[in-house]
Every structure is written in structure tokens, then in C-alpha cells.
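Peer 1: Combine the two chains into a complex, taking the hints into account.
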Amino acid sequence: MGAQLRVFRRRIRSVQATKKITRAMELIASSRIIKAQNQVTASTPYATALYKAVSLAASNARGNHPLLLNKKDGKRAAVLLVTADRGLAGAYSANILREGEKLTELLHQQQGKEVIPFVVGRKGVGYYKFRNRDVAQSWTGITDRPTYDDAREIAKALLEIFLKEESQGGVDEIQIIYTRYVNRISQVPVVQRIVPLEVVEELVQSSPKMTEVDQHKPTLPLYDFEPSPDAALDELLPKYIEYLVYAGLLQAAASEHAARQRSMKSATENAEDLIKSLTRSANQARQAEITQEISEIVGGADSLKSAK
Amino acid sequence: MPLKVEVVATDRQVWSGEASTVVLRTKSGEIGLLPGHAPLLASLADGPIVIRPIEGEEIKAAVHGGFVIVDSNNVIVLSETSELAKDIDVKRAQKAKEDAEKEGDKEALKRAESRLSIALG
Numbered sequence: 001m002g003a004q005l006r007v008f009r010r011r012i013r014s015v016q017a018t019k020k021i022t023r024a025m026e027l028i029a030s031s032r033i034i035k036a037q038n039q040v041t042a043s044t045p046y047a048t049a050l051y052k053a054v055s056l057a058a059s060n061a062r063g064n065h066p067l068l069l070n071k072k073d074g075k076r077a078a079v080l081l082v083t084a085d086r087g088l089a090g091a092y093s094a095n096i097l098r099e100g101e102k103l104t105e106l107l108h109q110q111q112g113k114e115v116i117p118f119v120v121g122r123k124g125v126g127y128y129k130f131r132n133r134d135v136a137q138s139w140t141g142i143t144d145r146p147t148y149d150d151a152r153e154i155a156k157a158l159l160e161i162f163l164k165e166e167s168q169g170g171v172d173e174i175q176i177i178y179t180r181y182v183n184r185i186s187q188v189p190v191v192q193r194i195v196p197l198e199v200v201e202e203l204v205q206s207s208p209k210m211t212e213v214d215q216h217k218p219t220l221p222l223y224d225f226e227p228s229p230d231a232a233l234d235e236l237l238p239k240y241i242e243y244l245v246y247a248g249l250l251q252a253a254a255s256e257h258a259a260r261q262r263s264m265k266s267a268t269e270n271a272e273d274l275i276k277s278l279t280r281s282a283n284q285a286r287q288a289e290i291t292q293e294i295s296e297i298v299g300g301a302d303s304l305k306s307a308k
Numbered sequence: 001m002p003l004k005v006e007v008v009a010t011d012r013q014v015w016s017g018e019a020s021t022v023v024l025r026t027k028s029g030e031i032g033l034l035p036g037h038a039p040l041l042a043s044l045a046d047g048p049i050v051i052r053p054i055e056g057e058e059i060k061a062a063v064h065g066g067f068v069i070v071d072s073n074n075v076i077v078l079s080e081t082s083e084l085a086k087d088i089d090v091k092r093a094q095k096a097k098e099d100a101e102k103e104g105d106k107e108a109l110k111r112a113e114s115r116l117s118i119a120l121g
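Chain order of the listed sequences is A and B. Under this note's numbering, the first residue of the first sequence is numbered 1, with each subsequent residue one higher. Under this note's numbering, the first residue of the second sequence is numbered 1, with each subsequent residue one higher.
This is chain B alone, in the form it adopts within the complex (with noise of 0.2 Å):
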């Protein structure tokens, strides 16, 4: 059985459907969700999470901060901001990042850099 996931922002539903494996990064540490996980509730770090689908490419999204909750083979990753790879726009990021830089902003370039590994491969 597959697990059904859903990945939310505040402002939109970022992606849902059927995963076979999905990989986090919790505040304590990398983990890797398959079917038949055990309930859990963690909160997560910036960085990026990985979703293979059941069918199609693999997913990549940025998260910054968020929880995800494991009940029943549903995984809902919950986050004030998440964007997928495809979808983040590398010119902003880039500006977002020399901007937080200037104005030693450290958690806006600790999110930029992250959206900008992610979405670079």
C-alpha cells in the first residue's frame, strides 16, 4: 500500500498523491518514510524533501521549518512555505540571497541558499 502524501503551504496545497518513499529532514536528523511507519509527529528543518512518486520522476521541494505527521500511511508535510524544485524561480532566489547577504539577514539567506541548492540540483 502506498503512501498518500500531502505536502501544504499557507497559501496553497503544494503537491499531493501516492509516494512509494518519502525523505525528510527532521531536527534531529535525515529520516526516510516508507509504507507502514509508525505514527509520528516531527518538526523539520530547513532543506529539502524528497518524494518518489509511485509513478513519474522523483520530487524535489523546499521546506522551511514545518511539521510533517505520519498516521496511517498518510504523510502531511506542513510548512509556512514550500516550494518545488521546478517551481522555484533561481533569478529570485539568487537576488534573495545577495539581498539577505547585505543586509546580514541570516535566517533569509539560510532559506535562500537552501531554495537554491534545491532547485540547482
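Isolated chain A, as found in the complex (with noise of 0.2 Å):
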């Protein structure tokens, strides 16, 4: 066999051993999007339930919780990047990396903030570490599947930065930047700002108001608190803003998935393409070489025929 013949070959195998990858991690995040989708529905009667609680506690009580209250002219803010662990997800972690400069320019020059990042993922960390800039905090080996344990522990870090004075480091708000899961073929970054929170004030809001028909009944139902309306909401809201994060976490995690299997869904494709046209490489090396030898006999017949 040719040199040419035989590095033509060479090469097709090792596509077909790349394709042979791509396709199984292809099979493998779609399985996983359906898993962490089920993940997402079925914290949705806790998320109702918190929300309906969350509503009446701060409906009815009467402090101002610092949680709720919009702290002005602070100095720092805290900033969660959800990005994965592993790469092969097309843009993926570099959407959220490049959404997180976004935010930091923004608050920078706009209030004058600095801000503190917590990065969820290694290749947000390595981000960080390449550049040399500091994180507050990182949590790897979490993003394929994330347990509201981690979700936890996450909260209680940024709730703990968020309630120190501000001249020992404390920040004033907590933003935190993940992907959307919208369907298979499209993830949006978004920017959620989880402390102060701004979805209660909404919530209170938009309790039901008196109508004239039914004037004669009681604006709210007039719930009892135990042990009262502000102890609840002490509990509750960390509660909450723990589920925020989790939801967050959950999206991401399917938002991962969905980006990879469709990444590696044009891997697939790309290795396809190469394959076949280093297979007509390799057809025409194979009938050059023929066609040489061919003409090697014929010519080797002829000086013997012209020899005698």
C-alpha cells in the first residue's frame, strides 16, 4: 500500500473514534435535559407553596426586613456565575463569563460598586485563576446534577456576606447570572438580582384588593401567625432566597446539558463531513496508485518485448 493511501486512512479511523465519542456524549446530555427537566417540575409545588407563604408572612408583617429593604449608595455587590464544570458546550460557560464582565462594568461605572464574584463550575474558576483575580468563593463538581443541599450552602455563603457590616466586607446586593433553559434549541443568560428581593414587593402588591361586590367580606383572610407575621418571614426568607438559588442551579443544569448535546450534535456532523471526503481522498489515492502500477507493467512488458 502507498504512504498516501495509507495516512489517508489512518485519518478516517481516527475521525470515526472522535464521532464514535461525540455521538455517544450527544446521546448521553440529551438523556440527561429530560432528567433535569423532571428535576425542575418536581420542585415546583414546594416553589408554590414558598411563594404563597412568602407573600402572606410579608403582606402582614409589619418591620422592614433587611432582606426586603433597598440599602442606597452601597459599595459592593456580590455576584453568583453559574458556568459548568466540564467544557465541550459550545459557548456555554463563556455566555455566562462574558454577561458576569457585563454586570461588573455596569455597576462599576454606573454606581460606583465593587463587585465580589462566586463562581459555581470549574471552568468559571479556571477563568478566574487564569487572569488572576480573585473569587470570594467556588463550588465545583455540582452543575450535572445539583441538590438543594448545595443550593444551601451556596445561600447561606452569599446571605452571610450580605448581613455583615459593610466596613468588615459586606454587600449591599446579590445578583446571580445563570442560563434560562427556554427549550432543546434555545438558553438564555440571565441577571437575577436575589437580595433585596424584589419579587415580594411585587407579591404584596398584587394581593388581592377589595372590589365593590365583595366589600362586605374581609380585604385578606385573616390569617393567624405563629409565632408571628415577622418571625415567619425571618424563616422564611432565607428559605426563599435558597430556593432562588436552587432554581437557578436546576436551570442551569439543563440549560448545560441542552447546549452540549447540541455542540456535540454538529461534532457529530463536522466528523460525518470529514469522513467523507477523506474517503474520496483516499478512493483517489487508491486509483492513482493503480493506475501507476498499471502503467509500471505495461511499460515493464514493452522494454522486455522490445529486449528479444
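Derived by calculation from the structure, the hints in this document are not laboratory data. Just so it is clear, CB atoms sit at the ideal spot from N, CA and C, and this is done for glycine as well. Where hints are given, some of them may not hold.
Claimed, not checked - So these bits of chain A aren't anywhere near chain B, every CB distance computed over 10 Å: (1) A17; (2) L106; (3) Q111; (4) R122; (5) F130; (6) S138; (7) R152; (8) E165; (9) R180; (10) V191; (11) K239; (12) S266; (13) N270; (14) L278; (15) T279; (16) L304.
Stated by the list, open to error - Below, computed lysine-lysine pairings styled on BS3-like, alpha-carbon distance capped at 25 Å: (17) K156(A) x K106(B); (18) K156(A) x K4(B); (19) K110(B) x K52(A).
Peer 2: Rendered as C-alpha cells:
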């Protein structure tokens, strides 16, 4: 076999091996999207109940809870970036990091705030490490299948820095950047402020108001609170924040798998194209070799004949 | 009219159905809920909750903290972790207890103990 043909055959084999790997990764990712989506669905009854409890307590509480209070003129903001642990997922982690840079710049220029990054996922940690930038805290190895315990740990760290005095490095707002899963094709990076809570303020305003028809009824059902609305809020708000982090992690996990599935699918397709064009070149090389051999034989026979 | 009861944890809905009574332990003591109870939002202590459904046997579940919301015969028990007594893995709970004892983690020990006591009746 000629040298050229051998080189082509070897490249075809290697591309075929790669294709097998990317195909397997594509299939694994697509089965994991479904699992991640189920996890999101499974947590919705809890979310609904928690939402209800928070809005009830918030609309009945008297004091202004620190987690709801909009502190003015803060100097620092904490940002939680949810990236992937592994690569080969297209621009998934890069999009989050870019969004993070944008937010950092925005907070810095418009409000003069210093941003303290918290990072989830090995890719994000690597990004910061490579640029010699400090990360307040990081969590790795959880992005594939985030559990509630992971979210609790992250929320705890975030609340700790929020509740610190400003002179000791406390922050006055917490933002989370994650990828929201829209569908298999589309996942968008979103920036969400989790503290001070904006959602609750809206909730209180949208609570049922008295209309003319039911004026004889009390405006809101009169709830008994045990021990008190404020104590309930104290206990509920950290849980609500934990849930927001958890929901963010779940969305990010589904998005990560979807991004990986898509990029592995196009990798498999590219491998197929490559194999096709390499096979063509190999065939050409084989033909050229055969032609050469024939002409050598014919040439040899001719010279033997003329020697006689 | 029976109570519509939902027990939810972060990762799933643990139980839902109609019941005649729900007994649970709040931070200030044990309360029993009957149909027609006044609207209530109470924070729960670690401990068992007992649901007596309209049909079938009494159901016990372990909850660790959390809240109960009662509103026009709807009872929602929300807790980060809750398990039905029949789903509790006794061996695992025992192991969790031993681990907690070794590490001196009081919170975990309390959780494991309450799970064990519920599972064993």
C-alpha cells in the first residue's frame, strides 16, 4: 500500500473514533436534559407553596426586613456566576462569563460598586484563576446534578456576606447569573437580583384587593401567625433565597446539557463530513496507485518485448 | 367537607389527598387541624406529622422544620425534607445517626433520631 493511501486510512479511523465519542456524549446529554427538566417540575409544588407563604407573611409583617430593604449607596455587590464543570458545551460557560463582565462593568461605572464574584463550576473558576483575579468562594462538581443541599450551602455563603457590616466587607446586593432553559434550541443567560428581594414587593401589591362586589368581606383572609408574621418572615426569606439559588442551578443544569447536546450533535455531523471527504481522497489515492502499477507493468512488458 | 392536604418537599410532592384530621408540631406546641380551621401560617418544629385520610390507614411523616399554611380547608405542609414513615430507610437513618454522633453534629443527630422514631412507630 502506498504511503499516501495509508495516511488517509489512518486519519479516517481516528475521525471515526472521535465521532463515536461525540455521538455517545450527544446521547448522554439528551437523556440528561430530560432528567434535569423533571427535577425542575418536581420542585414546583414546593415553589408555589413557598411563594404563597412568603407573600402572606410579607403583607402582614410590620417591620422592614433587612432582606427586603433597599440599602442606598452601597459600595459592594456580590455576583454568583453559574458556569459548567466540563467543557464541550459550545459557548455555554463563555456566555455566562461575558454576561458577568458586562454586569461588573455596569455596576462599577454607574453605581461605583465593587463586585465580589462567587463562582459555580470548574470553567468559571479556571477563567478567574487564569486572569489572576480573586474569587470570594467557589463550588465545583455540582453542575451536572445540583441538589438542594448544594443550593443551601451557596445561599448560606451569600447571605453571610450580605448580613455583614459594610465596613467588614459586607455587600448590599446579590445578583445571580445563570442560563435559563427555554427549550432544546434556546437557552438565554439571565441576570437576576436575589437580594434585596424584588419579587416580594410585587407580590404584596398584587395581593387581592377589595372590589365593590365583596366589600362586605374582609380584604384579606385574616391569618393567624405562629409565632408572628415577622418571625415567620425571618425564617421564610432565607428559605426563599435558597430556593431561588436552587431554581437557578436546576435551570443552568438543563441548559448545560442542552448546550452540550447541541454542540456534540454538530461535532458528530462535522466528523461525518470529514470522513466523507477523506474517503474520497483515499479512493483517489488508491486509483492513482493502481494506474501507476498498471503503467509500470505495461512499461515493463514493453521493454522486455523490445529486448528480445 | 374534608381537608385537602398537600405535603411538599423541595424535590417532590410527598403526599397529597383528602383527610379528616392533621396533627402536627409547631414551634409552640402540637396542634390538630380539623375541617373549618381558621387561616393559619405556622412554622413547624422537627417531628412527626400524622394525617388521618378519609380512606385508608393513618399516615405518618417526618418533617424537619418548615411551615404549614391552612386556608379554607386546604392544608399545605412545606418542608425542605419530609419523608413518609414507610419510605424511611431504617438502616440508613441508623447510619446517619451514628455518623452524626461521631462528628458531633447536633442538628443531624436530631434529624436522624426523629426519623428513626417515626419509622419504628
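Peer 1: Confirm or reject each hint.
Peer 2: Hints and how they fare:
1. A17: About 39 Å separates A17(A) from the closest Cβ of chain B, which puts it past 10 Å; holds.
2. L106: holds (33 Å)
3. Q111: holds (34 Å)
4. R122: holds (25 Å)
5. F130: Given a closest Cβ separation of 35 Å, the condition holds.
6. S138: holds (23 Å)
7. R152: violated (8 Å)
8. E165: E165(A) is indeed farther than 10 Å from all Cβ atoms of chain B, at 27 Å.
9. R180: Non-interface label on R180(A) holds, nearest chain B Cβ at 19 Å vs cutoff 10 Å.
10. V191: Holds, since 24 Å exceeds 10 Å.
11. K239: violated (7 Å)
12. S266: Correct as stated: the minimum Cβ-Cβ distance to chain B is 33 Å, above 10 Å.
13. N270: With a cut-off of 10 Å, N270(A) remains clear of chain B, as the shortest Cβ separation is near 38 Å.
14. L278: holds (48 Å)
15. T279: Answer for T279(A): holds, closest chain B Cβ roughly 50 Å.
16. L304: holds (85 Å)
17. K156(A) x K106(B): Cα-Cα ~18 Å, so holds.
18. K156(A) x K4(B): Not satisfied, since the Cα-Cα distance of roughly 34 Å exceeds 25 Å.
19. K110(B) x K52(A): violated (29 Å)
Consistency note: the structure conflicts with the earlier hints numbered 7, 11, 18, 19.
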